[in-house]
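K.L.:
What follows is each chain in one-letter form.
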Amino acid sequence: MTLNPTRAAAALFALVKWLTILAFAAMVTAAIAQVVSRYVFNSPLGWTEELARILMIWWTFAAIGILAFRRKLLAVDAVLLALRGRRHQAVLALGNGLGLIFVGWLAWLSWRLVQLAGTQVSPSLEIPQAWIYMGVALGLSGATFGFAVNLWVDLRRLVSNEDTGPIKATERSDV
Amino acid sequence: MFYIISLLALMIAAVPIAVVLLLVSLLNVTISAGVDPIIVAQQTATGIDSFALMAIPFFLLAAELMNRTGITDRIFHLANCLLGGVPGGLGYVNVGASMMFASMSGSAVADAVGLGRIEIKAMTEAGYDRDFSAAVTAASTTVAPIIPPSISLVIYGVTAGASIGGLFLGGLVPGLLMGFAMMLVVYWHSRRKGYGAGVSASWAETRVAFVRALLPLFTPVIVVGGIWSGIFTASEAGAFAVLYALILGVLVYRTLKPKEIAEVLFDSALASANILFIIAVSGAVGWLLTMHQVPMKLAAMIIDWSPDPQVFLLLLNVILLVLGCFMAAAPVIIMITPIILPAAVAMGIDPVHLGVMMVLNLMIGLITPPVGLCLFAVAEVAEISALRLARALAPFYVVLVVVLLAITLVPELVIGLPRYFGYVK
Numbered sequence: 001m002t003l004n005p006t007r008a009a010a011a012l013f014a015l016v017k018w019l020t021i022l023a024f025a026a027m028v029t030a031a032i033a034q035v036v037s038r039y040v041f042n043s044p045l046g047w048t049e050e051l052a053r054i055l056m057i058w059w060t061f062a063a064i065g066i067l068a069f070r071r072k073l074l075a076v077d078a079v080l081l082a083l084r085g086r087r088h089q090a091v092l093a094l095g096n097g098l099g100l101i102f103v104g105w106l107a108w109l110s111w112r113l114v115q116l117a118g119t120q121v122s123p124s125l126e127i128p129q130a131w132i133y134m135g136v137a138l139g140l141s142g143a144t145f146g147f148a149v150n151l152w153v154d155l156r157r158l159v160s161n162e163d164t165g166p167i168k169a170t171e172r173s174d175v
Numbered sequence: 001m002f003y004i005i006s007l008l009a010l011m012i013a014a015v016p017i018a019v020v021l022l023l024v025s026l027l028n029v030t031i032s033a034g035v036d037p038i039i040v041a042q043q044t045a046t047g048i049d050s051f052a053l054m055a056i057p058f059f060l061l062a063a064e065l066m067n068r069t070g071i072t073d074r075i076f077h078l079a080n081c082l083l084g085g086v087p088g089g090l091g092y093v094n095v096g097a098s099m100m101f102a103s104m105s106g107s108a109v110a111d112a113v114g115l116g117r118i119e120i121k122a123m124t125e126a127g128y129d130r131d132f133s134a135a136v137t138a139a140s141t142t143v144a145p146i147i148p149p150s151i152s153l154v155i156y157g158v159t160a161g162a163s164i165g166g167l168f169l170g171g172l173v174p175g176l177l178m179g180f181a182m183m184l185v186v187y188w189h190s191r192r193k194g195y196g197a198g199v200s201a202s203w204a205e206t207r208v209a210f211v212r213a214l215l216p217l218f219t220p221v222i223v224v225g226g227i228w229s230g231i232f233t234a235s236e237a238g239a240f241a242v243l244y245a246l247i248l249g250v251l252v253y254r255t256l257k258p259k260e261i262a263e264v265l266f267d268s269a270l271a272s273a274n275i276l277f278i279i280a281v282s283g284a285v286g287w288l289l290t291m292h293q294v295p296m297k298l299a300a301m302i303i304d305w306s307p308d309p310q311v312f313l314l315l316l317n318v319i320l321l322v323l324g325c326f327m328a329a330a331p332v333i334i335m336i337t338p339i340i341l342p343a344a345v346a347m348g349i350d351p352v353h354l355g356v357m358m359v360l361n362l363m364i365g366l367i368t369p370p371v372g373l374c375l376f377a378v379a380e381v382a383e384i385s386a387l388r389l390a391r392a393l394a395p396f397y398v399v400l401v402v403v404l405l406a407i408t409l410v411p412e413l414v415i416g417l418p419r420y421f422g423y424v425k
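Taken in sequence, the protein lines are chains A and B.
Following this note's numbering, the residues of the first sequence are numbered contiguously, the last one being 175.
Following this note's numbering, the residues of the second sequence are numbered contiguously, the last one being 425.
Think of the hints as simulated: they come from the structure by calculation, not from any bench.
Worth double-checking, as some hints may not be accurate.
[What the hints assert, rightly or not] Dumping the calculated EDC-like pairs for lysine to aspartate or glutamate here, alpha-carbon to alpha-carbon at most 16 Å:
hint, chain 1, residue 1, chain 2, residue 2
1, A, K17, B, E260
2, A, K72, B, D131
3, A, K17, B, D131
4, A, K72, B, E260
5, B, K193, B, D131
Please build the complete structure, drawing on both the sequences and the hints.
P.N.:
Dropping the structure here:
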């Protein structure tokens, strides 16, 4: 049995989805704890803001991987909506190809940053800076994988000339 | 020039905006600046390491939670009791309900999919033509990010380093003007079509509707009032709005199920990450722009060409209207603000005025073809084509542009209130 990259990516990002939800929920809880401790109990917790900030970096980059794989990163899709067939596929492949190269490059640079962070720690929770950067590196590595899988799909469709139809604008962004 | 051309060409080719910005910064740092590109990775990681930015996920989450809690029904019912009795009543109700919802949520899309469904159903069932029902629904969504709180104004505030409390105050009068202008279109259309009056609600009915909507109506008092009185920062207010929406949904109305909360958390995380990624990678672009002194050179060039701030703002409006037709608001704000802000400030334009003007402008883009997000969302709900909806929206485009021109040429409409409260000198 051969390994199907799309299925492997779907399984990976299903796991990442739950990690994103947990980290996002933890950030919301930390920020609410900060507000409640300050305004209700009048004794602010010092570490909640830092924890919330670190968690935001973690879930943001985790979610970027999911967005890349689901082809939902914000883009100007007016031209894409007007294209059909091979041209449509070629434009999709261009986006995923460039994503693979440049997000992959950034992921590699982020791993270098993890190594360079050394023994630095965050001010109140004393969380190693390397861990914070690792969230960025892991998320961007996930996104690189997502772009690679999509590119593989796009190129196969390009060769077989399969029409996937237009992508609806409402599926692309929320704000 | 290299930056602008590659940016435009790749963006038109539907390459994700964040990837385009990354490409420009990585190539520029490596080739022209000759610096170790690790700086881009560092700028990306630290670009979103900010408590102020947390207001974006919080306000998105609060809007989604309120939508799922079913408060939209309560707001619509209250607006119906207050405005439904006059000829063309449901048209006014539609605008009024959107304005009330806008004071709790900062997301136009949340308005389109939440209230939109209820409004279009009620209007078509009452005999209003479908095109007009959809048009007034779509047009009124644009008020959500103008009447505080507003996610777009938070993004602008963080990008421009402007006071979010001041921006929220600045959006109030333009938001009311937009509502009034849209109600004028409703009046004109209702007279032309001869729509009759709806059933007038009795005093007792109105009182019941008010009590049912009272708890949601407290949201702006706590959230926006908290920011203006200096108790909360915008992010804390956002966190509080989430807490309040959760209390309403889970404990008071008991309409939110745990599975739904997980879904809402995930959707909000994805929507926020999409914006935060662009903010993160634009940090490196900003660093490059400053290194090459692009904003300063551009400011000097513009002032050299015409030092009149009104000419500058009118020109900016045209550019933003065009960009807004093709792009979502957030990336335009993130990319344009750092480039034009120095020129605007040098001409004596207040950052709060510029921000509210930019956001109002880009909100018009939400309901224009070819890619307006609310246009498509409402067209889908109303089951008509986006093009047919765009045609029905024509009178609304006119009045919204008139309001835009008014706030562009009369800055006091925006900065009057923030000045009174000490946010603007």
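K.L.:
Each hint should be assessed against the structure and marked as holding or not.
P.N.:
Evaluated hints:
1. K17(A) / E260(B): 15 Å, holds
2. K72(A) / D131(B): Judged against 16 Å, a Cα distance of about 30 Å means the pair is violated.
3. K17(A) / D131(B): 39 Å, violated
4. K72(A) / E260(B): 21 Å, violated
5. K193(B) / D131(B): 13 Å, holds
In this structure, the hints that do not hold are numbers 2, 3, 4, in rising order.
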